[in-house]
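*Asks:* If you want the building blocks of each chain, they are given just below.
Number of protein chains: 2
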Amino acid sequence: MKFFCDPKTLMHSISIVQKAVSSKSTLPILKGIYLEAFDKNLRLVGTDMEIGIDHIMGANIIEEGSIVVDARLFSEIIRRLPDSEVEVSLQNNNQLLIKCASTEFNILSYNSSEFPELPEIEEEQTHEISQELFKSMIRQTVFATAQDEARPILTGVLMEIEDDTLNMVALDGYRVALRKGKIEAHLNNKVVIPGKTLNEVNRIIGGEEDEKVQISLTNNHALFTVGNTKLISRLLEGEFINYKQILPKEFKSRIKVNAKHLLDSIERASLLGKEGRNNLVKFIITDENMIINSNSELGNVHEEIKIELEGEDLQIAFNSKYFIDALKVIDDETVYLEFTTNLSPGIIKPITNDNTIYLVLPVRLASY
Amino acid sequence: MKFFCDPKTLMHSISIVQKAVSSKSTLPILKGIYLEAFDKNLRLVGTDMEIGIDHIMGANIIEEGSIVVDARLFSEIIRRLPDSEVEVSLQNNNQLLIKCASTEFNILSYNSSEFPELPEIEEEQTHEISQELFKSMIRQTVFATAQDEARPILTGVLMEIEDDTLNMVALDGYRVALRKGKIEAHLNNKVVIPGKTLNEVNRIIGGEEDEKVQISLTNNHALFTVGNTKLISRLLEGEFINYKQILPKEFKSRIKVNAKHLLDSIERASLLGKEGRNNLVKFIITDENMIINSNSELGNVHEEIKIELEGEDLQIAFNSKYFIDALKVIDDETVYLEFTTNLSPGIIKPITNDNTIYLVLPVRLASY
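Chains R and H are the protein sequences, given in the same order.
Note that the numbering used here has the first sequence beginning at 1, numbered continuously upward.
Note that the numbering used here has the second sequence beginning at 1, numbered continuously upward.
What the hints contain is simulated information worked out from the structure, not anything from laboratory work.
Treat the hints with caution; some may be incorrect.
[What the hints assert, rightly or not] With a Cα cut of at most 30 Å, we get these calculated DSS-like pairs of lysine-lysine: (1) H/K8 to R/K306; (2) R/K8 to H/K306; (3) H/K321 to R/K99; (4) R/K306 to H/K256; (5) H/K2 to R/K282; (6) H/K99 to R/K282; (7) R/K8 to H/K328; (8) H/K8 to R/K260; (9) R/K8 to H/K2; (10) H/K180 to H/K256; (11) H/K260 to R/K99; (12) H/K8 to R/K282; (13) R/K24 to H/K321; (14) H/K306 to R/K2; (15) R/K8 to H/K282; (16) R/K321 to H/K19; (17) H/K99 to R/K99; (18) R/K99 to H/K282; (19) H/K321 to R/K19; (20) H/K282 to R/K2; (21) R/K260 to H/K99; (22) H/K180 to R/K99.
[As the list claims (entries may be wrong)] These stretches of chain H come out as covered by chain R in the derived footprint (C-beta under 8 Å, 3 or more residues): (23) 70-80; (24) 105-119; (25) 261-267; (26) 294-308.
Idealized CB from N, CA, C, for every residue including glycine.
Only chain R is shown next, with the shape it has when bound in the complex (with noise of 0.2 Å):
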């Protein structure tokens, strides 16, 4: 194997594929990355047996031949090569050699026939969506996933394809976020994809508008195509809850609300509600006025929000967190905050839509 290139094509190449590689692995191999020269192309491929990142790129190969060599090791040096063309070549006693202007590395590398293959993925029957598309309805989901393994299904989001509509549930026992969104749909379908994953789609992803992501499903792999970068992911196994019997139907008592304001006053009360008890916050909702509450030991906190109710007057507890995890990741203006009784989920929507919902449990209070 032989090859020239560019040492920071080759940098933006291996920060791509670098993310998938496992640096915890005990077996060393599993701490590379795969190269192969072809035709004009070098491919380049991490995987840390749950997540794989195939990347191709151009490159001046002299010889076709595959390697494997260690992530941190080959980064650190190209990240640190002078700006020339560096050449890339396999030595007869298996070492790597690297070599740009007056700089000659030699390293060790390992055999590429070790090096776990990929899943073959059937790329025949493609789901497109918008790259600008699903960049948001990642970040607006992937965020509520439960962070314990206590139930491994949950810590995954729910793609659940019915004909043009994409709709993507994350839950943990607390709060759900569900965001719908169109997608060229090749057959209605529904997985269960590791919430891991989705961020390294987002990563991946440089969010053009008019670009698309190639998905394809089968049975237990999801495979993600951007560009030149295939990432392939197991699925989850396991029923997901079925969230649409748990979003309420109707509501008592309707806010319309700055998001922007709602957030920095829920972020300030928290501050006082940090040290245990939940992160309480309490709203006191009585017409055209919102209060926000919260108190600790360290003192307390009083906030004043300019609401615009519909319904009736509530007082209702939450953790600040997860209503700060979702009013974050809210792209619109003004939102909607409806509820039936202190004891029952609250929702925060857009007003202009229902493409995206969160749902957040009360908390109960020994007085209200």
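The hints should help you fit chain H onto chain R, whose structure is shown.
*Replies:* Using the frame of chain R, we list chain H on its own:
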């Protein structure tokens, strides 16, 4: 106590004094910021009993007085206030009321009489030095202080005032950093300032070329005055090593080399020397050419740099970290490296002056 002020200005002042506040103290009052409203000013003081920072800002004082408030909570509150004038006032129940737009905080405060007083320093006999110069002198020496407390005196920087020259010296047993600069001195003096103190002084100094830092020294303390901010620190006790004896008076080989190229090459070479063996890099110096080698079980690296050699060829090895640290803070484009034998210290210095000198001890190699 009661005052009005701009929350952004207050936040800036808090961030200045907060660095001296001990976050780990078992005494709650030392986790606090002392606030004193007087005349048209608000004074803020933070101290961990080693360093004290005293800062004065303008404020609209309604009622004079002083209290102490938890630094972390106070700064988090002020940082998140709306962009509107804030009112701060002490209530009857010893609670501090913070009011801004429709936000109201009531937080616990401490009696200011329990707050430790900073030592009084006579400010009549002060030295003056340019902010810009002092900032660069700190940056170019403090990194070479010892990081472990085995010999506490080496965790500080010697400040030696000799007529109109300030010599700043740091050493840790493996290297020396010496920087000379012009000072308007009052009296010759010699003190050792904790490295941590100088890092804080560096942070406070804006670096304006025309502005000065005032330095007042007593037997036990140093006072640095930068505009409205005073930083008081204890001095380190003990005798500093006689660094003048350590600096070699002559050399057998002198190399002229581009500092950036040398730094880049040593940084690349150090990638392979990292795992154990003291980050060893080897210099092979011959006429017009210097080869930098490093190797480990991961592989080897070979770098070549153009140099101008005056004197004898030499092979010598160093801990790359010490060379990298020094080359990173040298502002000059070209440096001299001076060597005598491969067992005696190497010198790094700018070619234009003797104001900056770095000494590094070599590592003895088994074979050359």
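*Asks:* Please go over all the hints and tell whether each is borne out by the structure.
*Replies:* Each hint, compared with the structure:
1. H/K8 to R/K306: holds, 24 Å
2. R/K8 to H/K306: holds, 24 Å
3. H/K321 to R/K99: holds, 24 Å
4. R/K306 to H/K256: The hint is violated at about 70 Å.
5. H/K2 to R/K282: Satisfied, since the Cα-Cα distance of roughly 29 Å is no more than 30 Å.
6. H/K99 to R/K282: Distance of about 19 Å is within 30 Å: holds.
7. R/K8 to H/K328: The hint holds at about 23 Å.
8. H/K8 to R/K260: Holds, because 19 Å separates the two Cα atoms, which is no more than 30 Å.
9. R/K8 to H/K2: violated, 58 Å
10. H/K180 to H/K256: holds, 22 Å
11. H/K260 to R/K99: holds, 20 Å
12. H/K8 to R/K282: Within the cut-off at roughly 28 Å; holds.
13. R/K24 to H/K321: holds, 26 Å
14. H/K306 to R/K2: holds, 28 Å
15. R/K8 to H/K282: holds, 28 Å
16. R/K321 to H/K19: Cα-Cα ~28 Å, so holds.
17. H/K99 to R/K99: Violated, at about 64 Å.
18. R/K99 to H/K282: Given pair R/K99, H/K282 holds - Cα atoms ~19 Å apart, limit 30 Å.
19. H/K321 to R/K19: This hinted pair holds, its Cα atoms lying about 28 Å apart.
20. H/K282 to R/K2: holds, 29 Å
21. R/K260 to H/K99: holds, 20 Å
22. H/K180 to R/K99: Measuring from Cα to Cα gives roughly 41 Å; hence the hint is violated.
23. 70-80: holds (count 5)
24. 105-119: holds (count 4)
25. 261-267: Coverage by chain R holds for the stretch 261-267 of chain H (3 residues, Cβ < 8 Å).
26. 294-308: holds (count 9)
In this structure, the hints that do not hold are numbers 4, 9, 17 and 22, in rising order.
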